[in-house]
Amino acid sequence: MTPAMIAAIASLIATIGPLGFELFTKLESLLNLGSDEKANIANAIAASNTADADTIGHVTAWMTANGFKAQVTFVQATAGATAPPAA
Amino acid sequence: MKKVITILVLSLSMAATPACIHKASGPVTPVERVTTDNAVFAQLNNSVEQGAEAVSISGLLTPAQVAPVIAFTGQVATVHEQITSILNKGTAVTASDYATVQALVAQLQSSASTLVASGSLGIKNPKTQQTIEADIQSLSNLASLILSELGAYAPKGL
Numbered sequence: 001m002t003p004a005m006i007a008a009i010a011s012l013i014a015t016i017g018p019l020g021f022e023l024f025t026k027l028e029s030l031l032n033l034g035s036d037e038k039a040n041i042a043n044a045i046a047a048s049n050t051a052d053a054d055t056i057g058h059v060t061a062w063m064t065a066n067g068f069k070a071q072v073t074f075v076q077a078t079a080g081a082t083a084p085p086a087a
Numbered sequence: 001m002k003k004v005i006t007i008l009v010l011s012l013s014m015a016a017t018p019a020c021i022h023k024a025s026g027p028v029t030p031v032e033r034v035t036t037d038n039a040v041f042a043q044l045n046n047s048v049e050q051g052a053e054a055v056s057i058s059g060l061l062t063p064a065q066v067a068p069v070i071a072f073t074g075q076v077a078t079v080h081e082q083i084t085s086i087l088n089k090g091t092a093v094t095a096s097d098y099a100t101v102q103a104l105v106a107q108l109q110s111s112a113s114t115l116v117a118s119g120s121l122g123i124k125n126p127k128t129q130q131t132i133e134a135d136i137q138s139l140s141n142l143a144s145l146i147l148s149e150l151g152a153y154a155p156k157g158l
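Just so you know, the protein sequences line up as chains A and B, in that order.
Read in order, the letters of the first sequence correspond to residues 1 to 87 in my numbering.
Read in order, the letters of the second sequence correspond to residues 1 to 158 in my numbering.
It is possible that some hints are incorrect.
Stretch by stretch, here's where chain B covers chain A in the computed footprint (C-beta under 8 Å, at least three residues) [stated by the list, open to error]:
id, segment
1, 28-36
2, 51-60
Label-pair ranges, simulated between beta-carbon atoms [what the hints assert, rightly or not]:
id, chain 1, residue 1, chain 2, residue 2, range
3, B, 62, A, 6, 36 to 42 Å
4, A, 36, B, 85, 21 to 27 Å
5, B, 157, A, 10, 51 to 57 Å
6, A, 6, B, 157, 52 to 58 Å
7, A, 2, B, 85, 43 to 49 Å
8, B, 102, A, 42, 20 to 26 Å
9, B, 117, A, 42, 35 to 41 Å
10, B, 59, A, 39, 43 to 49 Å
11, B, 25, A, 61, 39 to 45 Å
12, B, 82, A, 3, 44 to 50 Å
13, A, 69, B, 28, 41 to 47 Å
14, B, 54, A, 69, 20 to 26 Å
15, B, 89, A, 64, 31 to 37 Å
16, B, 26, A, 57, 34 to 40 Å
Think of the hints as simulated: they come from the structure by calculation, not from any bench.
For glycine and all other residues, C-beta sits at the position ideal for the given N, C-alpha and C.
One chain only, chain B, in its complex shape (with noise of 0.2 Å):
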């Protein structure tokens, strides 16, 4: 039980994701690091969408108070996509695409805050055991990661 709450909470939460991958053999690659956190990251924002959902058939929100957080996450999830592409490239992203990533990053966090200061989210997201404030700041948490752990070995300076 313990290990399951831990794991749900240290994988959305900034600081302790690096020590949360595991592999077979061998350290654990930039690439490998930063992509996997990439994975994490649609899975969580996926995850804030379906609870959001959930918290609106049980009542506890109408549609019109969901439904900003639903919109987000499908506008997270479009600029994401674009980050996975980049992230895709593997050690071959330029100083471009490293410029690219750091403004999408930007704009998904001046939405979330956004988002976060427009209404009360402070209903429990049944997927994520925490609420769906706390599931916004780690989507942004987890943003800042991959762009740091993208920067690691990513070209920069344009």
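One chain only, chain A, in its complex shape (with noise of 0.2 Å):
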């Protein structure tokens, strides 16, 4: 890696942050594909599973934490609808 990528690099940092930072590697992994349908859709399922799994695990992690009831399944739309009940 050359001194003006790792400053490009950086900067892009500066600017988006390292959250978006991360983000945008991820994206961009995710939409340039191999030559190999096979396992182009084999590691796009993967990929979906793996970001669903950790989403719940965080869910699940922050909910408890900040003493919520962790709830993964939808209930019925409603108006007006509130976060739910402290545990």
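Work from the hints to combine the two standalone chains into their complex.
Next up, the structure:
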């Protein structure tokens, strides 16, 4: 990696932040496919499942840590819905 | 810089996503397209959850204000796992499978609309560089796109 490339990446992170940069690299990886269809599909499916499992894990942990009841199934949408009651 | 912002914004909007998929050789097949967009959806939802946590930690929103967003992303992920399972069938999906995905997408979009209508979600998500409200709208749009792309090869009409 050249000094110019390092400087460019540092500037990028400074602008969109490390969180934004992390998302960018993940999206770029997802959107660039190899030539093998089966492998591409398998990779996409695996990436989906990994992201969903990570989300569910984080949600459960955050809700529990903040005193909310962890709820990962949809309730019937109603007007004026509020946060789940504290545990 | 422009490329980064473009990829972030276009990847998260409905109309431009097909143009963002690049393949080393050969055309992008319908199943590759829908599974790729499906993976982008899961990643976006994950980013909404992490961004909401970051906003809560920063103090811009209280945990009580952020909790509906975080709960929503968990519910979306649970529903999305079912969609992914169906997409994994490839071209072997049935009309019943399509109807199932259609119902799941409708459920997801209904909950998204309710969430957006229920509170002020104008805070910027540090992960996606757009507001949380825009993130949720992007999820809804991507869900429509996935359903449309599945419909391109799935049998329909039960």
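Against the structure, test the hints numbered earlier, and report the numbers of the ones violated in rising order. Those not satisfied: there are none.
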